[in-house]
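Based on the provided sequences and hints, a complete structural model is requested.
There are 2 protein chains.
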Amino acid sequence: MDNSLHLAQSLRKAGLRLTPQRLAICSFLASTDQHPTAQMIYDQVRPQFPTLSLATVYNTLETLVQLGVINTLGGTGSEAERYDADTSPHVNLSCVSCQRVIDFPSQHLHALEDEVTSRSEYRLLGSRFLFFGLCPDCQAT
Amino acid sequence: MDNSLHLAQSLRKAGLRLTPQRLAICSFLASTDQHPTAQMIYDQVRPQFPTLSLATVYNTLETLVQLGVINTLGGTGSEAERYDADTSPHVNLSCVSCQRVIDFPSQHLHALEDEVTSRSEYRLLGSRFLFFGLCPDCQAT
DNA sequence: TTCTAAATTTAGAAATGTTACAAATTAGGA
DNA sequence: TCCTAATTTGTAACATTTCTAAATTTAGAA
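Chains A and B, in that order, are what the protein sequence lines are.
For the first sequence, my numbering assigns the number -9 to the initial residue and increments by one for each residue that follows.
For the second sequence, my numbering assigns the number -9 to the initial residue and increments by one for each residue that follows.
Fair warning: there could be bad hints in the mix.
Any copy, or any two copies together, can satisfy a pair, since identical chains are not distinguished.
Stated by the list, open to error - Here are the computed lysine to any residue pairs in the SDA-like style, where the Cα-Cα straight-line distance is at most 25 Å:
#1 K3 with L124
#2 K3 with Y48
#3 K3 with F122
#4 K3 with H100
No lab work stands behind these hints: they were computed from the structure.
Right, dumping it as structure tokens:
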């Protein structure tokens, strides 16, 4: 399902403006599974908005993260931050060789989330489950 | 148990030199549970080594990560990378307000790791389990 | 529709965190 | 001790992210 509506509506609900730039960024986020960086979003949305600024991309991403409708995966050191529009509990597998990040649905995450919710005193806002390794393709080389 | 020996030995085993700087960094990593940044390590180890360079801290951390004996947690955007000498499967709880990161032991992680090991074709090298939220102290304010 | 105030975008500068570099130093074996 | 390669150091370079101020645009009010 396309949750770009969901992203856009959450902006609306927060009393923020639905600018065409924000809509384009939301659409792109909802349509991709490549866990893009801010720069990747900029490069791919800019054709529709020749005046689009990288600052706007960062602003919008920050806003969406604050609203809790997208997650950040965390870079490793100098690598750029990656964003994930799928906030349901799921594991990401990150290949340390080709840098690709894929999703891995797991049975165990709901139980884990329930455990943390009930046994910690934290008010949870987001989560990040990441394994590093070599993907099948990169093991072959 | 103090695993600074473990860290140092892994350097030795890889054929690398046991410099006093590296030993000090390993000791500090093993002794703290604060998930320090490179800068935090630098600040706290430097009194013992007035000439210590931040570059050495980064070099040593990179080496230890490559050896798989410490993990990175991933910063969020501009925040600095955090390092964790505890590579056993465990959840970290990160407070978005006070920036503190604590450990949270969980029953479910072994099962999750087994699942990913058996059902993905990845050769796993490390993992990262993080929840973001407000810690009890920061909820109060 | 037009007007208005506030929110947003923009471009570029600044800040931050990390890595690269070359010269000086040092560890560890012969 | 001496030797050589590994390591450290300080600084410069780099990449990513945030800040800033001016210009633009949105959405509601008149």
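Status of the hints after comparison with the structure:
| no. | hint | verdict |
| --- | --- | --- |
| 1 | K3 with L124 | between (41 Å within a copy, 23 Å between copies) |
| 2 | K3 with Y48 | within (20 Å within a copy, 43 Å between copies) |
| 3 | K3 with F122 | between (36 Å within a copy, 23 Å between copies) |
| 4 | K3 with H100 | neither (27 Å within a copy, 39 Å between copies) |
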